[in-house]
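Residue numbers (our numbering), protein chains in the order written: chain A, 45 to 275; chain B, 45 to 275.
Hint data in this document are derived by calculation from the structure and do not stem from the laboratory. Heads up, a few of these hints could be off.
[Stated by the list, open to error] Here are the simulated distance ranges between beta carbons:
id	chain 1	residue 1	chain 2	residue 2	range
1	B	Arg69	A	Ala65	45 to 51 Å
2	B	Ala202	A	Gly163	22 to 28 Å
3	A	Val150	B	Glu46	32 to 38 Å
4	B	Ala210	A	Arg74	52 to 58 Å
5	B	Asp213	A	Ala82	43 to 49 Å
6	A	Val150	B	Phe76	43 to 49 Å
7	A	Ala103	B	His75	40 to 46 Å
8	A	Pro178	B	Val150	16 to 22 Å
Keep in mind that this is a model prediction, so the values were computed, not measured. Glycine is no exception: its CB is placed at the ideal position from the N, C-alpha and C atoms.
Here is what each chain is made of, one letter per residue.
Protein chains: 2
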Amino acid sequence: MELFATKGYEATTVDEIAAAAGVARRTFFRHFRSKEEAIFPDHDDTLIRAEAVLNAAPAHEHPLDTVCRGIKEVMRMYAARPEISVARYKLTREVPTLREAEIASVARYERLFTRYLLGHFDEHAHDDDANDDPLLAEVAASAVVTAHNHVLRRWLRAGGQGDVEAQLDHAFAIVRRTFGTGIGAGRSTAPKPASSPASVSAQGEVLVAVARTDAPLDEVMRTIEQALKER
Amino acid sequence: MELFATKGYEATTVDEIAAAAGVARRTFFRHFRSKEEAIFPDHDDTLIRAEAVLNAAPAHEHPLDTVCRGIKEVMRMYAARPEISVARYKLTREVPTLREAEIASVARYERLFTRYLLGHFDEHAHDDDANDDPLLAEVAASAVVTAHNHVLRRWLRAGGQGDVEAQLDHAFAIVRRTFGTGIGAGRSTAPKPASSPASVSAQGEVLVAVARTDAPLDEVMRTIEQALKER
Chain A
45 MELFATKGYE ATTVDEIAAA AGVARRTFFR HFRSKEEAIF PDHDDTLIRA EAVLNAAPAH
105 EHPLDTVCRG IKEVMRMYAA RPEISVARYK LTREVPTLRE AEIASVARYE RLFTRYLLGH
165 FDEHAHDDDA NDDPLLAEVA ASAVVTAHNH VLRRWLRAGG QGDVEAQLDH AFAIVRRTFG
225 TGIGAGRSTA PKPASSPASV SAQGEVLVAV ARTDAPLDEV MRTIEQALKE R
Chain B
45 MELFATKGYE ATTVDEIAAA AGVARRTFFR HFRSKEEAIF PDHDDTLIRA EAVLNAAPAH
105 EHPLDTVCRG IKEVMRMYAA RPEISVARYK LTREVPTLRE AEIASVARYE RLFTRYLLGH
165 FDEHAHDDDA NDDPLLAEVA ASAVVTAHNH VLRRWLRAGG QGDVEAQLDH AFAIVRRTFG
225 TGIGAGRSTA PKPASSPASV SAQGEVLVAV ARTDAPLDEV MRTIEQALKE R
């Protein structure tokens, strides 16, 4: 990072990097395929860790929450070394090659999450709209990744100050609240409880009730009323 | 496109393109800044048209619907010449320079839509969560762009067959239904009616009710019950 900051990224050679690190050029290439990879050395491992989070998810967890925990691994990679992340961010904004490398990494995470969501749509949902699942999965994965990138960018611009994980949790809560109804819960926006005709959730001052309209009116009303009274 | 298909994109020179078109190299550069721009000649104009759609939007229109109409201009650009779009898509998948040019174009549309949504959040909403507006705007713009790209990609892979605008409308309906609650309707997922304690909407078999939890229980229940009975 010191060499890049003083000489510029493009002008710095692998030989100079190796010399500065006190290793042979050959040794550099044993660790990194390219100069770009040396800038983002952790993306491969982070992708593997994110995938492990998805694969170990408890069965009851909402798939959107699982994906949010998965992308947290990416945030932790940046948060582990704020100074390096901030310096790299500045470099990335100036060097097209690095920006492209980063875009490609983000695309890999997004594909991983899309595949996961696609595999976790509610099996009890109707099959007649199954054609829409790939669209829904891609849009939902994109929402999570966009929220993550937004928080990360804001944190990097602020010089890596502040509790970025808490900011991320707040952003995920907003995405879940605003966009989360129905993602992963099947094809028709409603969770489909086996016994209850309606699901009710309340966050802060707002109550959201989702119900099947073919459920008996009395039962729906009782469920909603009960939920409201319990607050 | 013929030259690129036979000689390959990188190997084709501007001189060869100009010669094939029967014009001078100078003339080529009067129209296009680069070979990449000649491949995507319409992105600049389309961005202007999309912006014009946003600026002319009727006051009552939901901002998310406005943005959907805006990105339709992009789809129309592709749909106007299916054969060229399909050939270009194949080229774009093989040539990194072109893929990067396309990613940059998509990013420009997405920034336009993010700015628009940010400027059209419900003014009547509380100001205490206004910090979350940039996040919400970016995530919503990303959802619309992702849905558009999904439909476009599917259509291009199918060889440009079928009514892509109808497919796009269907995708937007899903995004609106699944992710649309609260986008542009303010910062707390709930439309805030002046007189009614709850808002109720029903699509297909699903009813969604949003209410302020500090509203009188009786009134909320009456509103929901009335909406259910009217179906």
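Comparing the hints with the structure gives:
no. : hint                               : verdict
1   : B/Arg69 with A/Ala65: 45 to 51 Å   : holds, 47 Å
2   : B/Ala202 with A/Gly163: 22 to 28 Å : holds, 24 Å
3   : A/Val150 with B/Glu46: 32 to 38 Å  : holds, 35 Å
4   : B/Ala210 with A/Arg74: 52 to 58 Å  : holds, 54 Å
5   : B/Asp213 with A/Ala82: 43 to 49 Å  : holds, 47 Å
6   : A/Val150 with B/Phe76: 43 to 49 Å  : violated, 29 Å
7   : A/Ala103 with B/His75: 40 to 46 Å  : violated, 59 Å
8   : A/Pro178 with B/Val150: 16 to 22 Å : holds, 19 Å
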